[in-house]
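Peer 1: Okay, so the sequence shown: first residue is 653 according to the numbering used here, each after it adds one.
There's no promise every hint is true.
To be verified - List of simulated lysine-lysine pairs, DSS-like, C-alpha gap at most 30 Å: (1) Lys693 / Lys657; (2) Lys693 / Lys677; (3) Lys708 / Lys657; (4) Lys693 / Lys708; (5) Lys727 / Lys708; (6) Lys727 / Lys693; (7) Lys727 / Lys701; (8) Lys677 / Lys657; (9) Lys692 / Lys677; (10) Lys677 / Lys701; (11) Lys655 / Lys708; (12) Lys657 / Lys692; (13) Lys655 / Lys692; (14) Lys655 / Lys677; (15) Lys708 / Lys692.
Keep in mind the hints are simulated off the structure, nothing from the lab. Predicted, not measured: the structure shown is a model, and the values here were computed from it.
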Amino acid sequence: MAKGKMLGIEQVEEREGYNPTEIYKCLTEPDLSVFSDEDKKMLDRIVVKYGHLNGKQLEELSHAEAPYVGTELRKEIPYELAFYRGTDFGDL
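With these hints in hand, go ahead and build the complete structure from the sequences.
Peer 2: What follows is the structure, given as structure tokens:
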């Protein structure tokens with residue numbers, strides 16, 4: 653998408669010793685027809701729940717989750733651990 657000039661990617665240095673943060677921005681109007689109504693509802697709920705958070709806050713949330721905590725430092729988190737619990741969006 654970046655090569656097709658549909659997506660812009662900006663690298664921002666935030667802290668010494670860390671990889672730069674990548675900021676993605678749509679450069680064209682997205683084609684939402686690829687999503688079902690159910691997909692769109694889920695995406696809307698995710699934006700409501702997490703859209704106000706910055707990268708550091710999202711990092712802190714994800715690093716407090718059991719799959720991250722239970723995986724050895726700098727090792728790949730096994731895909732199967734993503735299903736350690738259901739995601740509850742009932743509060744939205």
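Peer 1: Next step is simple, just say for each hint if it's right about the structure.
Peer 2: The hints, checked one at a time:
1. Lys693 / Lys657: holds, 28 Å
2. Lys693 / Lys677: holds, 21 Å
3. Lys708 / Lys657: Roughly 28 Å between the alpha carbons, so the hint for Lys708 and Lys657 holds.
4. Lys693 / Lys708: holds, 26 Å
5. Lys727 / Lys708: Roughly 20 Å between the alpha carbons, so the hint for Lys727 and Lys708 holds.
6. Lys727 / Lys693: Given pair Lys727, Lys693 is violated - Cα atoms ~33 Å apart, limit 30 Å.
7. Lys727 / Lys701: holds, 28 Å
8. Lys677 / Lys657: holds, 11 Å
9. Lys692 / Lys677: holds, 19 Å
10. Lys677 / Lys701: The hint holds at about 20 Å.
11. Lys655 / Lys708: Roughly 28 Å between the alpha carbons, so the hint for Lys655 and Lys708 holds.
12. Lys657 / Lys692: holds, 24 Å
13. Lys655 / Lys692: holds, 26 Å
14. Lys655 / Lys677: holds, 13 Å
15. Lys708 / Lys692: holds, 26 Å
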